[in-house]
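> Model the full assembly from the supplied sequences, consistent with the hints where possible.
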Amino acid sequence: AEAAAYSLPPPLTPNITATRDSSSNFSQLLKFLQDSKQYRLHQDDLRRREEN
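Sequential numbering of the sequence shown, starting at 1, is according to UniProt numbering.
Some hints here could point you the wrong way.
[Said to hold, decoys possible] Just the calculated beta-carbon pair ranges, DEER-fashion:
| # | residue 1 | residue 2 | range |
| --- | --- | --- | --- |
| 1 | 28 | 48 | 36 to 44 Å |
| 2 | 52 | 24 | 41 to 49 Å |
| 3 | 50 | 30 | 28 to 36 Å |
| 4 | 29 | 49 | 28 to 36 Å |
| 5 | 25 | 45 | 24 to 32 Å |
| 6 | 46 | 26 | 26 to 34 Å |
| 7 | 44 | 24 | 28 to 36 Å |
| 8 | 52 | 32 | 25 to 33 Å |
Just so you know, the hints here were simulated from the structure itself, not pulled from any lab data.
Even glycine gets a Cβ: it sits at the ideal position worked out from N, Cα and C.
Here it is, written out as structure tokens:
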């Protein structure tokens, strides 16, 4: 799971190697929140398309 997380450019977490030890959990949480937000937006978009 960690390898997949670092293969994408992480939003809101520049310089991830330098801050990895101190804020790895925090940046993973940020990434999770971003991903779930994107997912919800995508679901809403699909729902809207089905209605139209």
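> Are there hints from earlier that the structure breaks, and if so, what are their numbers?
1
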